[in-house]
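Protein chains in written order, with our numbering: chain A, 1 to 142; chain B, 1 to 142; chain C, 1 to 142; chain D, 1 to 142.
No wet-lab data here; the hints were simulated from the structure.
Do not rely on the hints blindly, as some may be mistaken.
Copies of the same chain are indistinguishable here, so a pair counts whether it falls within one copy or spans any two.
[Said to hold, decoys possible] EDC-like cross-link-like pairs, simulated, lysine to aspartate or glutamate; straight-line CA separation at most 20 Å:
| no. | residue 1 | residue 2 |
| --- | --- | --- |
| 1 | Lys11 | Glu73 |
| 2 | Lys19 | Glu33 |
| 3 | Lys19 | Glu52 |
| 4 | Lys67 | Glu52 |
| 5 | Lys19 | Glu73 |
| 6 | Lys83 | Asp141 |
| 7 | Lys19 | Glu51 |
| 8 | Lys136 | Glu111 |
| 9 | Lys89 | Glu73 |
| 10 | Lys19 | Glu34 |
| 11 | Lys19 | Asp132 |
| 12 | Lys11 | Glu51 |
Protein chains: 4
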Amino acid sequence: MENKIYDYARKVNYYETDKMCITHHSNYIRWMEEARTAYLNRYGCGYRKFEEYGVVSPVLSVSCQYKQTTTFEDEVVIRVRIKRYTGVKLEFGYEMTNAKTGALVFTGESEHCFLDARHMPVIVRKRFPELDLILKGLVSDE
Amino acid sequence: MENKIYDYARKVNYYETDKMCITHHSNYIRWMEEARTAYLNRYGCGYRKFEEYGVVSPVLSVSCQYKQTTTFEDEVVIRVRIKRYTGVKLEFGYEMTNAKTGALVFTGESEHCFLDARHMPVIVRKRFPELDLILKGLVSDE
Amino acid sequence: MENKIYDYARKVNYYETDKMCITHHSNYIRWMEEARTAYLNRYGCGYRKFEEYGVVSPVLSVSCQYKQTTTFEDEVVIRVRIKRYTGVKLEFGYEMTNAKTGALVFTGESEHCFLDARHMPVIVRKRFPELDLILKGLVSDE
Amino acid sequence: MENKIYDYARKVNYYETDKMCITHHSNYIRWMEEARTAYLNRYGCGYRKFEEYGVVSPVLSVSCQYKQTTTFEDEVVIRVRIKRYTGVKLEFGYEMTNAKTGALVFTGESEHCFLDARHMPVIVRKRFPELDLILKGLVSDE
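With the sequences and hints as input, model every part of the structure.
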């Protein structure tokens, strides 16, 4: 299966700016979640799918590199891909660009695990082979 | 029982400002929640108490009047009181002042009902006489 | 000129939910801003226009009536209109519906004034006749 | 000068939880800012000081490691220290613990630079020797 990426676009809201007149840095971590959600929906393993399996996927770690500022009404394009999937952990990569200028404004990563209804770690590879197959197919080496 | 009010103080955070260099207006509604939570804890019917009863208390309506702006590092004092309690609905009033200048910066109200675990409306007066008594005693006519 | 309304749609984000598993009530006030911004852009008097005039338009008051809950991945359609414009003050009305069920989930209002660069109140009617004309034409009696 | 650390405590607000019934991960990055602000105020180089110099200090990068969940009404103690200061860049370290259990819930880092009023990079070492001296004295090797 070809490498999968996804471009999620959204405009900066007024309430996301701060008194430096730029997007407050805490919002990018929320945009990562928005883009990740849209990505997983697009590739058939969205939140509903996870819910069917009784699985939640909390965040283990996040890293953010701020390259350029953005501000109110800028359109930001968030390119998401799965960088790594081990059957137990999942790692996303994010590149955000300013839609108008094309400039890279942000790069980031997030790492996730899987928990079942009793909040115990899940080995997706063993418990949910179908989901495992989808996620394996989504890993992008690029 | 004497009329009960409560003063909850908190500083404006950097991430709560916007590009007009003032506190974004959406934050005041969150501060109302913070102050209401502290108030209910103070008077023995906090979140834990509600949880024991299996009751949640969602917001039915909110109104906000912005009198003066505030900004980063301002200390805001939020005076909370219960304006009305009918046994079915609860209404809070809020007055926020700038701690330094004493100026009134905000007034607001919020109205709440009570739902049980099955999300059905609860008549507190009938189902939880103990809680009913506490809430009745907290109403402030001022 | 015909009455002007605008429908702005957006999905509920995961980070907008709370531990009651519903959209936290504070987010609706932010969605009102999103919808108001889109409305003004649509009708030729967006933020850039206001900036050209050196005018900002802070919020004087907000009221929110919560009719039904929404949650993660629900699509909410926000119908915005200008209810009143006096030449000095501007009032927006909002009706939010669940796109899937059509149910009314929220109604709200917001009231705004106009300030110039020195943060002094502006009588738009006198200082900016062009903007005044646009705003007058947008008032919807419906 | 002895190594400087600072403990900043705060309770989790209701509006900071999500539908997993835990603190949404995006809030920790805001708490880092709250703690960093309190730290700098405590050691005489708070926001006002920076403003006097005409200097802002944007975030270059952030990393977050989530160790344990927290939720509404948990008190979180945020231990802040300056890990590195080069005269051009500043790096903070954060360790958050649950006040009740003492458990480590989060570790993080943030990296900052300095910009002047024209948004040009500032070499603090050269331009603001007094501020440079304070920051040097705050670096904690621990």
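Evaluation of the provided hints:
1. With identical chains, the CA atoms of lysine 11 and glutamate 73 are at most 20 Å apart both within one copy (6 Å) and between copies (18 Å).
2. Taking the shortest Cα distances, lysine 19 and glutamate 33 sit within 20 Å of each other only across copies (14 Å), while inside one copy they are farther apart (24 Å).
3. Taking the closest pair of Cα atoms, lysine 19 and glutamate 52 come within 20 Å of each other only across two copies (16 Å); inside a single copy the shortest separation is 43 Å, beyond that limit.
4. When the C-alpha separation of lysine 67 and glutamate 52 is checked against a cutoff of 20 Å, the pair qualifies neither within a copy, at 38 Å, nor between copies, at 26 Å.
5. Within a single copy, lysine 19 and glutamate 73 get their C-alpha atoms as close as 16 Å, and across copies as close as 12 Å, so both meet the 20 Å cut-off.
6. In this assembly of identical chains, lysine 83 and aspartate 141 lie within 20 Å of each other by CA distance solely inside one copy; the values are 6 Å within and 34 Å between copies.
7. Taking the shortest alpha-carbon separations for lysine 19 and glutamate 51, only the inter-copy value of 13 Å comes in at or below 20 Å, while the best intra-copy value is 39 Å.
8. With identical chains, the CA atoms of lysine 136 and glutamate 111 are at most 20 Å apart within one copy only, with a shortest distance of 15 Å there and 34 Å across copies.
9. In the homo-oligomer, the alpha carbons of lysine 89 and glutamate 73 never lie at most 20 Å apart, since the shortest distance is 35 Å inside one protomer and 24 Å across protomers.
10. Taking the shortest alpha-carbon separations for lysine 19 and glutamate 34, only the inter-copy value of 15 Å comes in at or below 20 Å, while the best intra-copy value is 24 Å.
11. When the C-alpha separation of lysine 19 and aspartate 132 is checked against a cutoff of 20 Å, the pair qualifies neither within a copy, at 45 Å, nor between copies, at 25 Å.
12. Proximity of lysine 11 and glutamate 51 under a CA criterion of 20 Å is satisfied inter-copy only: 18 Å between copies versus 29 Å inside one chain copy.
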